[in-house]
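K.L.:
Sequence:
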Amino acid sequence: MTDLESRIVDTLRHRPDPDVHIDTLTRRAVVAGRARRRRTVVTAVAAAVALVGVGIGVGVAVGRPDRDDAPAVPPTEQNTNLPTDPVSPTAADRPSAVGTDPGVLHFDLDGSAIRFSDWRFETTAGREQITLAIVGGAGSGPFTVDVQLSPDPLPAGPEGGAYRPDHEEQTEVGGRTATWRTFTTEVGVQNRHQSLSWEPVAGLYAQVSTAMDLDLATVRQIAAAARFDRAQRCVAPVRVTALPAGARWTGCQVRLRAEPDPSGGRWVSSRFTLVLAAGNEVEVHIDPAGTSGFQQNRTVNRRPARWESASLWIGGIGPFEAAVFGNDGRLREEDGVKLGAGIKPVGDPADLTTWAPRPVG
1 MTDLESRIVD TLRHRPDPDV HIDTLTRRAV VAGRARRRRT VVTAVAAAVA
51 LVGVGIGVGV AVGRPDRDDA PAVPPTEQNT NLPTDPVSPT AADRPSAVGT
101 DPGVLHFDLD GSAIRFSDWR FETTAGREQI TLAIVGGAGS GPFTVDVQLS
151 PDPLPAGPEG GAYRPDHEEQ TEVGGRTATW RTFTTEVGVQ NRHQSLSWEP
201 VAGLYAQVST AMDLDLATVR QIAAAARFDR AQRCVAPVRV TALPAGARWT
251 GCQVRLRAEP DPSGGRWVSS RFTLVLAAGN EVEVHIDPAG TSGFQQNRTV
301 NRRPARWESA SLWIGGIGPF EAAVFGNDGR LREEDGVKLG AGIKPVGDPA
351 DLTTWAPRPV G
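Quick note: the sequence shown uses the UniProt record's numbering, first residue 1, plus one each step.
Treat the hints as calculated values from the structure; they're not laboratory data.
Quick list of the computed label-pair ranges, beta carbon to beta carbon:
hint: 1; residue 1: P86; residue 2: T299; range: 41 to 51 Å
hint: 2; residue 1: A350; residue 2: D110; range: 21 to 31 Å
hint: 3; residue 1: N191; residue 2: R302; range: 47 to 57 Å
hint: 4; residue 1: A277; residue 2: D351; range: 32 to 42 Å
All values reported here derive from a predicted model rather than from experimental measurement.
Beta carbons: idealized from backbone N, C-alpha and C, even for Gly.
Whole structure, please, built from the sequences with the hints as guidance.
P.N.:
Right, here's the structure in full:
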């Protein structure tokens with residue numbers, strides 16, 4: 001067990017947390033359609049790392065600089081967890097590129113020091129994120145890494161809810177000045193929130209935050225796992241080949257097991273976000289066949305389907321099924337059918353190197 005794992009286990013042993021739902025797919029799909037399955041992740045620690053990118057590009061420096069005007073990017077081998085993108089700039093090279101291409105993550109995360117069951121790679125307009133479900137003996141939980149495009153640092157406090165600041169101190173990450181803050185909820189069940197904010201390169205703002213009482217040394221070690229000197233593709237074992245007129249692809253998500261499953265490889269699920277010509281946001285979810293258990297009331301491209309409450313479920317896509325729905329409850333059936341009918345399997349689900357490098361369009 002690594003030093004980081006030991007700290008997490010010790011925290012979990014003395015402070016068990018309630019159940020945590022890490023999969024945004026489930027929450028949205030349940031709202032959009034009653035037939036979606038519910039995913040619940042085991043109890044644990046919740047941590048988030050948010051990185052915001054803006055400004056002019058800078059080079060990657062090797063070593064550990066001791067000045068704030070020098071970039072601090074950990075020197076490592078240039079391998080990536082998803083297929084490497086050798087053409088796109090990295091977050092360190094060009095912070096302004098972060099969150100501008102739904103098919104590219106401009107950073108990565110080294111998970112070698114942390115035991116985890118699965119992780120989720122995600123892009124959307126102005127943001128890139130990696131979510132890890134950590135496993136550590138006494139419990140498990142999600143650790144989230146966000147990269148966002150913004151001219152200002154991320155807010156130090158949690159989004160939503162009423163939290164009061166408790167503590168603030170200066171520290172460092174990779175030789176760069178960082179700020180450590182803690183917060184406590186003012187109403188209801190007492191919850192904690194902690195954040196560690198710093199600027200790894202000029203114009204790239206980073207923040208690690210957690211919902212548990214992890215010590216600063218542990219959070220700094222999580223922050224050090226972020227890799228700003230690489231780019232990778234958001235790939236998927238399917239491709240959405242037909243889009244409604246005027247639709248734009250804005251987000252991509254792929255969830256993988258940490259280690260291959262003998263029966264199903266590493267892939268767990270995928271999600272694509274689009275904005276239609278009318279301005280409404282639509283999501284396409286790809287899951288293993290049989291996940292939703294929907295009852296057919298339509299046929300789409302000779303496949304069993306169900307249309308209900310601005311949501312469309314389609315089965316028979318090889319080893320997959322799909323769900324298409326509007327995030328705001330707005331989705332015309334013809335647009336859902338257009339998206340769903342053109343979904344095609346690509347490559348071997350157990351081998352991500354064979355997946356579609358640009359899974360939409």
